[in-house]
Amino acid sequence: MQKVTREQLLNKASELLSNGTVSCVLGWAAGEFDYDVTPKMFNCVEELNAGFVFNDFCGANVSKYLVARAGKCEGKILVFLKPCDTYSFNQLLTEHRFDREKVYAVGIPCEGMADIAKVKAVCGDGISSIDTTGEDMKVTTLYADAPVSVAAADVLAERCINCKSKKHVAYDELMGEEGDVIDSARFDEVARLEAMSPDERFAFWQNELSRCIRCNACRDACPACTCEKCVFDNPNSGVENKSPANSFEEKLFHIIRAFHVAGRCTDCGECSRVCPQNIPLHLLNRKFIKDINEFYGDYQAGAEVGSRAPLVNYTTEDLEPGEVFDRRDNNA
Amino acid sequence: MRKCSLDKIDLVFAQIAKNAALYLPVDQTDGSAAYKKWEEGTVWSGALNTVRSPKDFFFPQTEDLMRFKTEGKNIEIIDTRTEGEDFVVFGVRACDVKSFDILDRVFLSEPVDSFYANRRAHGVIVSLACTRPSETCFCKTFGIDPAEPAGDITAWKTETEIFFRANTEKGEQLLSKIAALTEDSDDAVVKAQKEQIGKIMDKLPLKNVTTDGFGGGKTDELFNRPEWDELSQSCLGCGTCTFVCPTCQCYDIKDFNTGNGVIRYRCWDSCMYSEFTRMAHGNNRLTQKERFRQRFMHKLVYYPENNDGLFSCVGCGRCLAKCPISMNIVKVMKKIGGETK
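Sequence order for the protein chains is A and H.
Take 1 as the starting number for the first sequence in the working numbering and just add one per residue.
Take 1 as the starting number for the second sequence in the working numbering and just add one per residue.
If you're looking for bench data, these hints aren't it; they were derived computationally from the structure.
All figures in this text were calculated on a predicted structure; none of them were measured in a lab.
Even glycine gets a Cβ: it sits at the ideal position worked out from N, Cα and C.
Among the hints, a few may not be true.
Rough simulated footprint, nothing fancy, chain A against chain H, three-plus residues with beta-carbon under 8 Å [to be verified]: (1) 47-53; (2) 121-131; (3) 219-225; (4) 266-272.
Straight-line alpha carbon distances no greater than 27 Å define the calculated DSSO-like cross-link-like pairs of lysine-lysine that follow [unchecked claim]: (5) H:Lys203 <-> A:Lys138; (6) H:Lys157 <-> H:Lys191; (7) H:Lys3 <-> A:Lys120; (8) H:Lys254 <-> A:Lys72; (9) A:Lys118 <-> H:Lys254; (10) A:Lys251 <-> A:Lys287; (11) H:Lys207 <-> A:Lys120; (12) H:Lys69 <-> H:Lys254; (13) H:Lys140 <-> A:Lys72; (14) A:Lys72 <-> H:Lys191; (15) A:Lys120 <-> H:Lys36; (16) H:Lys8 <-> A:Lys72; (17) H:Lys331 <-> A:Lys138; (18) A:Lys120 <-> H:Lys203; (19) A:Lys229 <-> H:Lys254; (20) H:Lys289 <-> A:Lys251; (21) A:Lys120 <-> H:Lys289; (22) H:Lys331 <-> A:Lys118; (23) A:Lys138 <-> H:Lys207; (24) H:Lys177 <-> A:Lys138; (25) H:Lys254 <-> A:Lys251; (26) A:Lys120 <-> H:Lys69; (27) A:Lys120 <-> H:Lys254; (28) A:Lys118 <-> H:Lys207; (29) H:Lys289 <-> A:Lys229; (30) H:Lys203 <-> A:Lys102; (31) H:Lys334 <-> A:Lys120; (32) A:Lys251 <-> H:Lys37; (33) A:Lys118 <-> H:Lys203.
Produce the complete structure using the sequences and hints provided.
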C-alpha cells in the first residue's frame, strides 16, 4: 500500500492543469489487470480521470520519457517522481538531456513497489484482481475460492528490498513527508559474487546471461542509456547486432553496457525490472558502484545536478592503476 | 487413447530419448521455464508455459545459412546445410502448436525455406492441454481450444495420469514406441477435464477480446487511426514482444567477416528496432509509432489478408506478461477494434 493515493495525485494533477502551471501530465495508466501499468502522457483532466492510476505496481521510472517529451507540449510537463526516480532525473539533467524549465516535478513518497512475479509465486497464476488499498495486498485468482492476503514486504521488488533512498533529490513540490537516504544492504549480493572463485563467478554469469534473448529492453528502459543512436543499432559501427552470434557476444553486450553507464548509473533497477528473462543485470552496475565507492569515496550518481563523477574527474588522491593487481589476488 | 501413470513419466521420456532428442519445459534458476534437452534426472516443469516459445526449434534466433571462403581471387561457396536429426518437443500448449501453422505458411510456401522445412520434417510435436490458463491467456479469440491442442500427439495430464492420443502418422509411430509403458484407456477422464477447462475459459478476464474490426482489406480503414499515437507513445522500442512471440517471423540476413571468408547467417529481427527493413534509400519507418503500428497491422491485417483470414496471433499472452511498459496486442485490439463480442 502506498502512503499517497491515486486520488491525491489526481487532485494535484487536476489542480496544476487547471491553474495553468502545467499543460500535460506524465504518469501511469491503468491496464487490463490491476498490475499491468503503462507510463502515459495525460493531456487533460478527463484523460486523467479515465485512466490515471497509482498503486504498488507503478514501478516504471518515467524520468527517461522527459528526454523525448520535455519541450514537446506547450507549457510544462508535470512529472510524478518516486525517490529513486529523482536520482535519474538529476543525472539526466547533469547530462543536459532535457530542459529543466519545461518540467514541473512533484516528489511522491514510495513504500516500495511490488513484483508481479513474486505475487504470482505466492498466490498462483490466473489473477483476477489485486486490491492494494489496504495494509496487506488482497489477491483474487481464478483458482482460489477466497482472496489471498499477501504482506507487501513478501512481494517487494528486489530493488525495493534494497532501497537506497526515500529522499527526493529533485522536485518543485513535495507531497507527503520527506524520507532519508537508507544504509541499505544493496552491495551484499555483489560481495557474495566477489567472494566466489573466478570459475564460480563465471558459471554464475554464464547461467544468467545465457538466458538473454537480446531484446534490448534493459538498454531501452535505462535512464542512463540515452544515446541518440546506440552503437549496437548502428550498422556502420561494426558491432551492430540483432542477436548474439555466440556466447561471447551475449556477455559482451551486457558488460560493455555496464562499462558505458559506470559512474552514471543511479542504481534505479529498471534493467532488471524489465528483463523478460529475469537476469539480475543490476548486479553488474552495482559492482561498478561498489568499486567506485571503494576507490574514490562514496559517490551516488544523480544525488546532485552537475556533480563531477569520479570516473570523469581527476584528483591527486586517485588510486594508481596497479591497484587492480592487488585486488586480483583477493578475487575481486 | 493410451494412458500411463505419472509415476512412469520418466520412463516414457527415457524411452522417447532413445530414438530422438527430447525437449521439454524445465524450471530455470530464475523461476521461469524453458525448453531443455531431456537427460537422465531432468524434471518436467509444471509451469503453464515457457518464456521463449517453441518456435525456436524450427526457426532459431541465429543460424548460419552458408559460408564463403576466399583464397586468392577464388571464392568458394560452402553449403552448410545438413540433414537434421529427429527430435520430439514435449508439452507444447495449444497456442504454440497453432503458431507452427502460422510459421508454416511463411516458410513452407514457395520458395520453401529448406532450413525450416528440414526441422519441421524431423520434429514431432506432443502437445499438452491447459488445465490452469493464466489471466493473460486469450487463445479463444483466435479459435484455439486449450483443451484440444493439435500436434502429432495430444496429451492431457491429471494429478496422477497422462493420456495420449495420436493425431498423425508421426504421432502413431511415437506412441507405438512407448506402447509398453502405456495402456489403452477410454476418454472419460479426458472428457471431464475438457469440460472443466471449458468452465475456466468462460471465466478468463480476456474472454471477450474480439478480432472483429480486423482482417484482410482493413488497411485503409485502420492505418491512419488516431489511436496509434496514444498506443505507441510509451513504447520503448525494445524487441521483447517480438522475441517472446511464437508467431513473429521476421529476420535479418547478415555477413560476418571471419578474416578469410564470410559466414552468412540470419537472426531474428524486430519491427520495433530502428534499423528494421532499412533499405538503400534509408529507413522506411522513421518513428516508433510507425514501427509499433507495423507489428500490429502485420498480425491483424496484412497477414490475414495474405493467408485466408488467418490472424498471426495465437493469444499466448507472452507479450502481455513481458512488455516492460505493459503495452500489448490486447490493448491495441480493444482500442482500435472494439470492446467485446
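Hints breached by this structure = Hint check: 2, 3, 7, 8, 9, 13, 14, 16, 20, 21, 24, 26, 27 and 30 fail, others pass.
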